[in-house]
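Going by the numbering used here, 277 is the number at position 70 of the sequence shown; the sequence numbering is gapless.
Treat the hints as calculated values from the structure; they're not laboratory data.
Please note that a few of the clues may not be correct.
Stated by the list, open to error - FRET-style restraints, in silico, Cβ to Cβ:
1. 442 <-> 230: 46 to 56 Å
2. 437 <-> 225: 38 to 48 Å
3. 237 <-> 443: 34 to 44 Å
Idealized CB from N, CA, C, for every residue including glycine.
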Amino acid sequence: CTRRAAILPPTASPMVDTSAAMRTVHESVSRMCASTHLERERGALGLRRELKDAGPAGAAAALEQASALAGTVEPWETALGGVEALRLVLDAAKDGISEEMNASEYRKIAHSATQVLLDSVGSLLEHKEVRVRGAFAAALGAACRALGPETFDKVREPILASIKGSLMRDDNTHASSDHEEHCHDVENHHIAESAKPSELGMHQSEGWKCLETSMKALRECMDGSGPAFGARVDDELFA
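Throw the hints in and build the complete structure from the sequences for me.
Shown next as structure tokens:
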């Protein structure tokens, strides 16, 4: 008689402890806000791994936590951790959208994460800590990769305004510095010596520091948007 091949049942997928996964996501985002660079890197490494394993639920949990952290002024490490976590969430969302795995859920997450960045564009683009500003620029690039150049359309005005404002501050600083150098003499030397270093040096670099960040944000948006950014290039953009 003919022997019938045994039909084995499909292997069951391992059960995922959702609560444990969410706790791990929370711990990684918290570590990304640590005061030491090494601990922040460990947190970012862990979150990348967890975003792959936990799917949209993990991305949503990280988004909720990061949203509350990104707008922090002090300590700057907290803002940095929140913005970096948003960038990783956007990267995960972009992968989920492109692979059509839970694409609609990932698209909603990407829109929500981008909105957090848009709501804080003024404070983060000119944050006093350069690492926060740089992370924000990178996050905008991630948003453009996930959702396309339409994201740039929403931040174009504040980015260009920051660039122009930084150039104006820089020009005013040079003009003021030239005047002070010309008028400086022995009689007012004691005034300069008694002034605080922050009063003498802060404004001299304020303009070009923010300019560097704003230009980076523009470049990140261009790179993230790809060839589709070409339609956004006009005289105002490179005026």
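- request: Using the beta carbons of residue 437 and residue 225, state whether their distance is inside 38 to 48 Å or not.
  value: holds, 43 Å
Range hint compliance [Cβ, residue 442 to residue 230, 46 to 56 Å]: holds, 52 Å
- request: With respect to the beta-carbon atoms only, verify the hint that residue 237 and residue 443 lie 34 to 44 Å apart.
  value: holds, 42 Å
The structure fails none of the hints (numbered hints given earlier).
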